[in-house]
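K.L.:
The lines below spell out each chain.
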Amino acid sequence: MNADPKSNGSNDEDLQWLERFKAGNTHAFDFIVRKYQRCLYRIIYNMVSNKEDAADMLQNVFIKAFQSIEQFKGESNFYTWLYRIAINLTLNFIEKNKKRASIALEPIANEEGVAEFLNLDKNAKPGDRALLLKELQEKLNESLQNLSSIHRTVIVLFEIEGLSHKEIAQILHCTEGTVRSRLHYAKEQLKHSLLPYLKDESETI
Amino acid sequence: MNRKLFNLSQLLQLKRYEMPTEAFWDEFDTRLQQQLASVTPASISPIHNLVVWMRRLFPITAICMVMIGMLYALGIQHPRFISLNQPNMLASCFYSSVDQVPTLNDKGIDNLLCSQKKVASLTAHGFHF
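Respectively, the protein sequence lines represent chains A and B.
As numbered in our numbering, residues 1 to 205 make up the first sequence, in order.
As numbered in our numbering, residues 1 to 129 make up the second sequence, in order.
For reference, chain B alone in the conformation it holds in the complex:
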């Protein structure tokens, strides 16, 4: 037996015909009326209105940027975001790393100065680099 074939949209339209009876709707309406009688429309609080108004006025990203700006202005910063225009904080960061890895501490600076003196002395005696 040859099977009857359909196209997809035609077949999906079949779902439109799956509907309850009128008796169901009568019962549904009665039940819903009873439910709605015990429910009141929620009034919107002024705070909710303010939040909605603010969100419309400023997108969330802008609000976050303003907050970060305010924190920066107040000097409250995360140590990771130390800026270069605050040398005292930068210096403290440098020294703490020097304590852990003593590469360019006072001794290192002395060695560097010593090397410079040696270069100057050799240049004075006719060596050219």
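Chain A extracted, bound-state conformation:
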């Protein structure tokens, strides 16, 4: 089950489950965990680039949310509050573990789907395709890790999670202008480091 934070009904549903949880139904929290665990994992994983660390961090995020649920007053969407916890814990983790950062990547699930999505040569041998995907994954990961943590956060939330500028601004407690500016800078950095893999967009005008 994947969360779709953009749907209005999603927040109402979250609030209903929260009410049940506050009324003493601790199993109501399971619903929240199952709804958000995959997208939160993706955010954390793409920021730390280590699957073991991401799993531990995700657990900490849910424990933190569980402990401080009373502090959520419903003034913002629930997912904004939850994402904020995840981002803050992850940024703290990155800051504390700057020197011992290690990379452990997840395998690409559904290679066939990815090949179709990237419009890769259908006649290519599966081994060659897997190699290309591995190369892309590693290069992409390296480029993301070269960004500062705050620029990486914005790229992950916008490009990978598909959140809007406004939503990101709410999560990061900054203006939409700041989000746009960070996004622009991060994209320029990524374009520079991924140059051999990118189309020349000026030619397609």
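The set of hints was computed from the structure by calculation and includes no laboratory data.
Treat the hints with care, as some may be off.
Which bits of chain B does chain A cover? Going by a derived footprint, with three or more residues having C-beta under 8 Å, they are [claimed, not checked]:
hint, stretch
1, 6 to 20
2, 35 to 41
Distance windows between CB atoms, simulated [as the list claims (entries may be wrong)]:
hint, chain 1, residue 1, chain 2, residue 2, range
3, B, G75, A, I150, 42 to 48 Å
4, A, I63, B, L74, 44 to 50 Å
5, A, A109, B, W53, 45 to 51 Å
6, A, N123, B, S9, 24 to 30 Å
7, A, I150, B, K4, 46 to 52 Å
8, A, G162, B, F24, 21 to 27 Å
9, B, I68, A, Y185, 35 to 41 Å
10, A, N97, B, V66, 38 to 44 Å
11, B, L71, A, K166, 39 to 45 Å
Since we're looking at a predicted model, the values are computed, not measured.
Ideal Cβ placement from N, Cα and C applies to all residues, glycine included.
Since chain A is already given, all that's left is putting chain B on it; use the hints.
P.N.:
Just chain B now, with coordinates in the frame of chain A:
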């Protein structure tokens, strides 16, 4: 061999496909359940509520201004912020500086008065300035 080229957004979408297996999620759920069983939601203390309520009601800047105002009203001031409506403190400040640099002490004032007398005397004898 021609390399296949992509646009940046398309390439970044590749990251969406890096996900753990279902077995990972089963294990994760079990582990989290165990962890949550030993944790209780923190209740909010009345003091915390009061602080939150105060912060909503008054922004921090306003609180600081009120505190400075109260200190001023109580007469507790830093020497750097001596105001002009307190002449005794201003005077003490002036005299202490005179002690260090004797430029306009009693002797200086005498000289000034003496000069004024000389000007008056010269004016009386027909000099105009």
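K.L.:
For this structure, which hints from the list above don't hold up?
P.N.:
Violated hint (a single one): 7; every other hint is consistent with the structure.
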